[in-house]
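Novice: Whole structure, please, built from the sequences with the hints as guidance.
There are 2 protein chains.
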Amino acid sequence: MALKTATLREVAEMAGVHPSTASRALNPESRALVNEKTVTKVLEAAGRLGYRPNSLARGLKTNRTYTIGMLLPDLTNPLFPPIVRGVEDALGQADYTLILGNTDNDPDKEGAILRTMLSRRVDGLVLATARRAAPFVEQLADAGIPVVLVNRVSEDVPWPSVSGDDHAGIGLAVRHLVSLGHRRIAHIGGPQDLSTGLARYQSFVAWMQSEGLEPDPRLIVFSTSFHEVAGAAATVELFARDVPFSAIVAANDLIAIGCYDVLAERQLNVPKDVSVVGYNDMPFSDKLCPPLTTIHIPHYTIGVRAAELALDMIAKRDVGAQALRLAPALAIRQSTAVPSA
Amino acid sequence: MALKTATLREVAEMAGVHPSTASRALNPESRALVNEKTVTKVLEAAGRLGYRPNSLARGLKTNRTYTIGMLLPDLTNPLFPPIVRGVEDALGQADYTLILGNTDNDPDKEGAILRTMLSRRVDGLVLATARRAAPFVEQLADAGIPVVLVNRVSEDVPWPSVSGDDHAGIGLAVRHLVSLGHRRIAHIGGPQDLSTGLARYQSFVAWMQSEGLEPDPRLIVFSTSFHEVAGAAATVELFARDVPFSAIVAANDLIAIGCYDVLAERQLNVPKDVSVVGYNDMPFSDKLCPPLTTIHIPHYTIGVRAAELALDMIAKRDVGAQALRLAPALAIRQSTAVPSA
DNA sequence: CTTGTGATTACAATGGTTTGCAATGGCTCT
DNA sequence: AGAGCCATTGCAAACCATTGTAATCACAAG
Numbered sequence: 001m002a003l004k005t006a007t008l009r010e011v012a013e014m015a016g017v018h019p020s021t022a023s024r025a026l027n028p029e030s031r032a033l034v035n036e037k038t039v040t041k042v043l044e045a046a047g048r049l050g051y052r053p054n055s056l057a058r059g060l061k062t063n064r065t066y067t068i069g070m071l072l073p074d075l076t077n078p079l080f081p082p083i084v085r086g087v088e089d090a091l092g093q094a095d096y097t098l099i100l101g102n103t104d105n106d107p108d109k110e111g112a113i114l115r116t117m118l119s120r121r122v123d124g125l126v127l128a129t130a131r132r133a134a135p136f137v138e139q140l141a142d143a144g145i146p147v148v149l150v151n152r153v154s155e156d157v158p159w160p161s162v163s164g165d166d167h168a169g170i171g172l173a174v175r176h177l178v179s180l181g182h183r184r185i186a187h188i189g190g191p192q193d194l195s196t197g198l199a200r201y202q203s204f205v206a207w208m209q210s211e212g213l214e215p216d217p218r219l220i221v222f223s224t225s226f227h228e229v230a231g232a233a234a235t236v237e238l239f240a241r242d243v244p245f246s247a248i249v250a251a252n253d254l255i256a257i258g259c260y261d262v263l264a265e266r267q268l269n270v271p272k273d274v275s276v277v278g279y280n281d282m283p284f285s286d287k288l289c290p291p292l293t294t295i296h297i298p299h300y301t302i303g304v305r306a307a308e309l310a311l312d313m314i315a316k317r318d319v320g321a322q323a324l325r326l327a328p329a330l331a332i333r334q335s336t337a338v339p340s341a
Numbered sequence: 001m002a003l004k005t006a007t008l009r010e011v012a013e014m015a016g017v018h019p020s021t022a023s024r025a026l027n028p029e030s031r032a033l034v035n036e037k038t039v040t041k042v043l044e045a046a047g048r049l050g051y052r053p054n055s056l057a058r059g060l061k062t063n064r065t066y067t068i069g070m071l072l073p074d075l076t077n078p079l080f081p082p083i084v085r086g087v088e089d090a091l092g093q094a095d096y097t098l099i100l101g102n103t104d105n106d107p108d109k110e111g112a113i114l115r116t117m118l119s120r121r122v123d124g125l126v127l128a129t130a131r132r133a134a135p136f137v138e139q140l141a142d143a144g145i146p147v148v149l150v151n152r153v154s155e156d157v158p159w160p161s162v163s164g165d166d167h168a169g170i171g172l173a174v175r176h177l178v179s180l181g182h183r184r185i186a187h188i189g190g191p192q193d194l195s196t197g198l199a200r201y202q203s204f205v206a207w208m209q210s211e212g213l214e215p216d217p218r219l220i221v222f223s224t225s226f227h228e229v230a231g232a233a234a235t236v237e238l239f240a241r242d243v244p245f246s247a248i249v250a251a252n253d254l255i256a257i258g259c260y261d262v263l264a265e266r267q268l269n270v271p272k273d274v275s276v277v278g279y280n281d282m283p284f285s286d287k288l289c290p291p292l293t294t295i296h297i298p299h300y301t302i303g304v305r306a307a308e309l310a311l312d313m314i315a316k317r318d319v320g321a322q323a324l325r326l327a328p329a330l331a332i333r334q335s336t337a338v339p340s341a
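So the protein sequences, as listed, match chains A and B. Position 164 (the first sequence) corresponds to 164 in our numbering; numbering is contiguous. Position 307 (the second sequence) corresponds to 307 in our numbering; numbering is contiguous.
Take these hints with a grain of salt, some might be off.
Said to hold, decoys possible - Covered stretches of chain B, going by a simulated chain A footprint (3 or more residues, C-beta under 8 angstroms):
1) 47-57
2) 72-85
3) 284-295
Unchecked claim - Only pairs whose alpha carbons sit at most 25 angstroms apart, straight line, appear in this in silico SDA-like list of lysine to any residue:
4) A:Lys61 <-> B:Leu8
5) B:Lys316 <-> B:Arg175
6) A:Lys316 <-> A:Gly144
7) A:Lys287 <-> B:Thr7
8) B:Lys109 <-> A:Ala230
9) B:Lys61 <-> A:Gly50
10) B:Lys287 <-> A:Asn63
11) B:Lys287 <-> B:Tyr300
12) B:Lys61 <-> B:Gly92
13) B:Lys272 <-> A:Gln267
14) A:Lys109 <-> B:Arg184
15) B:Lys287 <-> A:Ala112
16) B:Lys272 <-> B:Gln334
17) A:Lys109 <-> B:Leu26
18) B:Lys287 <-> A:Arg64
19) A:Lys272 <-> B:Gly92
20) B:Lys272 <-> B:Ile332
21) B:Lys287 <-> A:Tyr300
22) B:Lys287 <-> B:Arg175
23) B:Lys61 <-> A:Asn63
24) B:Lys61 <-> A:Arg24
25) A:Lys287 <-> B:Ala141
26) B:Lys316 <-> A:Asn63
27) A:Lys109 <-> B:Asn27
28) A:Lys61 <-> B:Asn27
29) A:Lys109 <-> A:Ala230
30) B:Lys41 <-> B:Thr7
31) A:Lys287 <-> B:Arg266
32) A:Lys287 <-> B:Val229
Hints are computed from structural coordinates only; laboratory data are not their basis. In this text, all values refer to a predicted model and were calculated from it rather than measured experimentally. C-beta: ideal position from N, C-alpha, C; glycine also.
Specialist: Next comes the structure, spelled out in structure tokens:
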């Protein structure tokens, strides 16, 4: 059945009514307007023909596509799949569909993807791309389209955001190490032009101070990206500084893996010689060698909340520019221990 | 600029031409039909107004949405992100957009997602969902929409497929173990109602035989899913059989991790006491403890090829029902060694 | 018997773009 | 000068569903 997709007109014809009546019968909200018996007829005809409303036509008329677009740097980064699933699940509940775009942190790509998304008339946008200065911001604001930020705080931007509470998370990490007895704690920060990189670095400094430990600038190195190789390079740099330390707070798990690699190279044992704390609790961080103590972020929930916010905005519910920060949790595993020295 | 998205009519008006002319000027293929100077005028007007064609209207008219849908069980499974990226990248090249749907292997969900995708008039479909018996097959065939299968062979189905060459991959694993001196090799298979589970099991048996080793049925256990816990349960079952073995070929990396867990519990060392080979070479399998020897599958390329096939089919190029099998590679790491006994 | 009421249903316009066809205008050729 | 051709552009229909408004009908009330 239904070789060609049936049109509303055909359904109406089969049911012996006018297309407009069929339309109303098919739509739950307007269904009350049409006679019960007619509804049955139409529904049956629709079923027999395998009718699927053409969402293009509908969207054209109603100016809503029930589609939202999501931009992220790279789906291959284990951070994102849970977030995307969260978004998708929450969206699915509301019969919304997700369009995905990987930017690779390339502004050109980002612009191009954004353009096609606008061209497709997405009802809303979820931006999980990390760069702090987005040149499109004003265009988007102009377009008057709901936007929700994920994993980055809103800077001078009228949109709500959802993220893990980085300040609290770094606090968890620092205090965990301090409570174990560490005093000379190093930080391998992320790129400082990414909001998470900057925030975690600042929080690190703040928490060290609030613990009464003056952070040594020589024990703070910035990685050029949130990936293993860059993390390893930064760790090498850290050793080059030749300042003793007993623990490392890495800006994310990938960087922590980079630390692992360099530490192993130097025959240093984790956690006996150096304790390492990661950030994100990405999948399989508990399977590393040793299992990584890290800060767990409710990624899935972040995705869900972001989608819900977008949906709220689309429904014209005012959500303001709130910054939703979800509480992190310390996942203590085996990469941290009391300092040996 | 461009508070409200500009319409073609407005662009035409600004350029002082008829909408149809503007349309032709804007579209590269029909651009040749219109005077060069007019084209310039139109293009400029479009630029000034920030015109973005309404793809809904266009799709309605042309019956093409430049959209393809992709169904997969769960994005959170590390297997999929690289595939999805491959699909998305290849699609992006051709100005196509990807719509994603997670089915969780739930037929109802799968049906629902499929319906919305058809309702959205996707130009093609990439099915990476693993279950073997799909009730929608006939409906899709009827709908006459291009479909490409990923990671599952086409059984009685008129569509092309792209996957890793499981037979060759299992061969790599078995021969690697045999060459190390293993003779009593166990297999923890995947669910047998999933095509990959079945294929890998059958290949295991075949390769054992071709190596002159009669596979012991007591050393073959099937996991109820492709996940760690199920893999661990299957490993427990394997030990319960109380038949000696020196190596395990796991149907995928997650199951291999399950093996790791049970082995560790029993104080058995990998690879000294038992060698383990995984399958898929998923991200971070090289960071496991010990780094997992596994079969590398070119996931990204699989995604790219699948997208290209879909694009070909959309372009009415006949691709037939070919089954594209991409060559796997053996990634030797530290979970395999010569047997101790 | 007329008018008013309420419940249904039909009509027609609309959304933005594409495209077959017709119209226009300038030009060449005879 | 008129016929014919080409390049360019305008016209209008079409794609399919939604929705404001008008039409219809049955029935009750006056």
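Novice: It remains to establish, for every hint, whether it holds in the given structure.
Specialist: Checked hints:
1. 47-57: holds (count 7)
2. 72-85: holds (count 9)
3. 284-295: Three-residue rule met by the region 284-295 of chain B, so holds; n is 5.
4. A:Lys61 <-> B:Leu8: 16 angstroms, holds
5. B:Lys316 <-> B:Arg175: Answer violated: Lys316 of chain B to Arg175 of chain B is near 42 angstroms, above 25 angstroms.
6. A:Lys316 <-> A:Gly144: The given pair, whose Cα atoms are some 12 angstroms apart, holds under the 25 angstroms limit.
7. A:Lys287 <-> B:Thr7: Given pair Lys287 of chain A, Thr7 of chain B is violated - Cα atoms ~54 angstroms apart, limit 25 angstroms.
8. B:Lys109 <-> A:Ala230: 41 angstroms, violated
9. B:Lys61 <-> A:Gly50: 22 angstroms, holds
10. B:Lys287 <-> A:Asn63: Roughly 49 angstroms separates the two Cα atoms, so the pair is violated.
11. B:Lys287 <-> B:Tyr300: Between Lys287 of chain B and Tyr300 of chain B the Cα gap is close to 20 angstroms, so the pair holds against 25 angstroms.
12. B:Lys61 <-> B:Gly92: 22 angstroms, holds
13. B:Lys272 <-> A:Gln267: 22 angstroms, holds
14. A:Lys109 <-> B:Arg184: The given pair, whose Cα atoms are some 52 angstroms apart, is violated under the 25 angstroms limit.
15. B:Lys287 <-> A:Ala112: With Cα atoms ~36 angstroms apart, Lys287 of chain B and Ala112 of chain A exceed 25 angstroms; violated.
16. B:Lys272 <-> B:Gln334: Distance ~10 angstroms between Lys272 of chain B and Gln334 of chain B Cα, so the pair holds.
17. A:Lys109 <-> B:Leu26: OK: Lys109 of chain A and Leu26 of chain B at ~22 angstroms, within 25 angstroms.
18. B:Lys287 <-> A:Arg64: 46 angstroms, violated
19. A:Lys272 <-> B:Gly92: 48 angstroms, violated
20. B:Lys272 <-> B:Ile332: This hinted pair holds, its Cα atoms lying about 15 angstroms apart.
21. B:Lys287 <-> A:Tyr300: 24 angstroms, holds
22. B:Lys287 <-> B:Arg175: It holds: about 24 angstroms lies between the C-alpha atoms, which stays within 25 angstroms.
23. B:Lys61 <-> A:Asn63: Measuring from Cα to Cα gives roughly 16 angstroms; hence the hint holds.
24. B:Lys61 <-> A:Arg24: 24 angstroms, holds
25. A:Lys287 <-> B:Ala141: 43 angstroms, violated
26. B:Lys316 <-> A:Asn63: 32 angstroms, violated
27. A:Lys109 <-> B:Asn27: 22 angstroms, holds
28. A:Lys61 <-> B:Asn27: 24 angstroms, holds
29. A:Lys109 <-> A:Ala230: 23 angstroms, holds
30. B:Lys41 <-> B:Thr7: Answer holds: Lys41 of chain B to Thr7 of chain B is near 16 angstroms, not above 25 angstroms.
31. A:Lys287 <-> B:Arg266: Roughly 17 angstroms between the alpha carbons, so the hint for Lys287 of chain A and Arg266 of chain B holds.
32. A:Lys287 <-> B:Val229: 14 angstroms, holds
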